[in-house]
Amino acid sequence: LAVLSFIRQHGLMVSQSMESIPSSSVVKKCGQRLTITCQVSYSVSSYYTAWIRQPAVKGLEWIGMKYTGASYYKDSLKNKFSIDLDSSSNTVTLNGQNVQPEDSAVYYCQSRTKTISSI
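In this note's numbering, the protein residues as written are 5 to 123.
For the record, the hints were derived by calculation from the structure and aren't laboratory data. Fair warning: there could be bad hints in the mix.
[Stated by the list, open to error] Straight line, CA to CA, 20 Å or less: simulated DMTMM-like cross-link-like pairs of lysine to aspartate or glutamate:
id, residue 1, residue 2
1, Lys32, Asp107
2, Lys62, Asp107
3, Lys82, Asp107
4, Lys32, Asp90
5, Lys33, Glu106
6, Lys78, Glu65
7, Lys62, Asp90
8, Lys70, Asp90
9, Lys70, Asp88
10, Lys78, Asp107
11, Lys33, Asp107
12, Lys84, Asp107
13, Lys82, Glu106
14, Lys62, Asp88
15, Lys84, Glu65
16, Lys78, Glu106
17, Lys84, Glu106
18, Lys78, Asp88
[Said to hold, decoys possible] Okay, the calculated beta carbon distance ranges per label pair:
id, residue 1, residue 2, range
19, Pro105, Gly73, 33 to 41 Å
20, Val30, Ser80, 21 to 29 Å
21, Ala60, Gly35, 19 to 27 Å
22, Thr41, Lys62, 23 to 31 Å
23, Gly73, Asn99, 27 to 35 Å
24, Ser49, Glu106, 16 to 24 Å
25, Val61, Ser92, 13 to 21 Å
26, Ser91, Cys34, 30 to 38 Å
27, Leu64, Val30, 27 to 35 Å
Predicted model only: the values in this text are computed from it and were never measured. Glycine residues also receive a C-beta, built at the ideal position from the N, C-alpha and C atoms.
Using the sequences provided together with the hints, build the complete structure.
Okay, structure coming up:
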């Protein structure tokens, strides 16, 4: 059975710098579901939060972003991933289905630096 390894890191983009919180590993078998949750220090109702991943020896890949009023996904990934928000706890959850070896990556959650009103 193929086993996938996922690493969760939280990144908050503030003035062009990335603030990282220590990562944790998640291991999944092929075909299973993936859930990665980030707790953030800003209001998920006021800022977009994006999920990005970086497979080994490859560039960054944008998965999607969401706030309470709208969500956007990369076309090729919109049937694999969804993003949920919980404004009461300021958590952002990435849900994946039918994970495969090519989904092995470092996954980042990242805030947009602009508020919704100024986008």
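Structure versus earlier hints - violations, ascending order: 4, 7, 14, 23, 24, 25 and 27
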